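Turn these sequences into a full structure, and let the hints guide you.
0 is the number of the first residue of the sequence shown in numbering that gives the first Met the number 0; add one for each residue after it.
Treat the hints with care, since some could be wrong.
Said to hold, decoys possible - Quick list of the computed label-pair ranges, beta carbon to beta carbon:
#1 Phe33 with Gln2: 13 to 23 Å
#2 Ser3 with Ala40: 30 to 40 Å
#3 Arg56 with Ile27: 19 to 29 Å
#4 Met6 with Leu60: 17 to 27 Å
#5 Gln41 with Val17: 40 to 50 Å
#6 Leu5 with Arg62: 18 to 28 Å
#7 Ile67 with Leu5: 24 to 34 Å
#8 Glu10 with Ala55: 12 to 22 Å
#9 Thr38 with Leu5: 29 to 39 Å
#10 Glu10 with Val63: 26 to 36 Å
Since the hints were made in silico from the structure, they are not lab data. Computed from a predicted model, the values in this text were never measured in an experiment. Glycine residues also receive a C-beta, built at the ideal position from the N, C-alpha and C atoms.
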Amino acid sequence: MKQSRLMSLAESVANVIVGYGVAVVTQILIFPIFGLHTTLAQNLKIGAAFTVMSIARSFALRRVFEAIRMRRAQ
0 MKQSRLMSLA ESVANVIVGY GVAVVTQILI FPIFGLHTTL AQNLKIGAAF TVMSIARSFA
60 LRRVFEAIRM RRAQ
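In C-alpha cells:
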C-alpha cells in the first residue's frame, strides 16, 4: 500500500525536527572538543542553517533519483 500524502508530510516534518535536535545537541557536545565555544542561541542558528541545507540537499537528490527512475521507465 502506498503512503498517503498526509503521512509523507508528517514523516518529513518529523525527520526535520529530529534532525534539527540531533544537530544542536551534537554541536553542544562536539564543538568544545575542538575549542569552539558557542552560546545556545548560536548553536540554534547554526543548527537551523544546517537543517535548511539538509532539506535542500534531500530535495535535490530526490529529484535526481526521480529523473533517473523516469528515464529507466521509458
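Hints and how they fare:
1. Phe33 with Gln2: 13 to 23 Å: Check failed, 40 Å falls outside 13 to 23 Å.
2. Ser3 with Ala40: 30 to 40 Å: Between Ser3 and Ala40, where Cβ atoms are some 38 Å apart, the hint holds.
3. Arg56 with Ile27: 19 to 29 Å: 23 Å, holds
4. Met6 with Leu60: 17 to 27 Å: 21 Å, holds
5. Gln41 with Val17: 40 to 50 Å: The hinted range 40 to 50 Å is violated for Gln41 and Val17, with Cβ atoms some 21 Å apart.
6. Leu5 with Arg62: 18 to 28 Å: Holds, since Leu5 and Arg62 (Cβ atoms, about 22 Å apart) stay within the stated range.
7. Ile67 with Leu5: 24 to 34 Å: Since Ile67 and Leu5 have Cβ atoms about 27 Å apart, the given range 24 to 34 Å holds.
8. Glu10 with Ala55: 12 to 22 Å: The hinted range 12 to 22 Å holds for Glu10 and Ala55, with Cβ atoms some 18 Å apart.
9. Thr38 with Leu5: 29 to 39 Å: 38 Å, holds
10. Glu10 with Val63: 26 to 36 Å: Violated - the Cβ-Cβ distance for Glu10 and Val63, about 20 Å, lies outside 26 to 36 Å.
The structure fails hints 1, 5, 10 (numbered hints given earlier, in ascending order).
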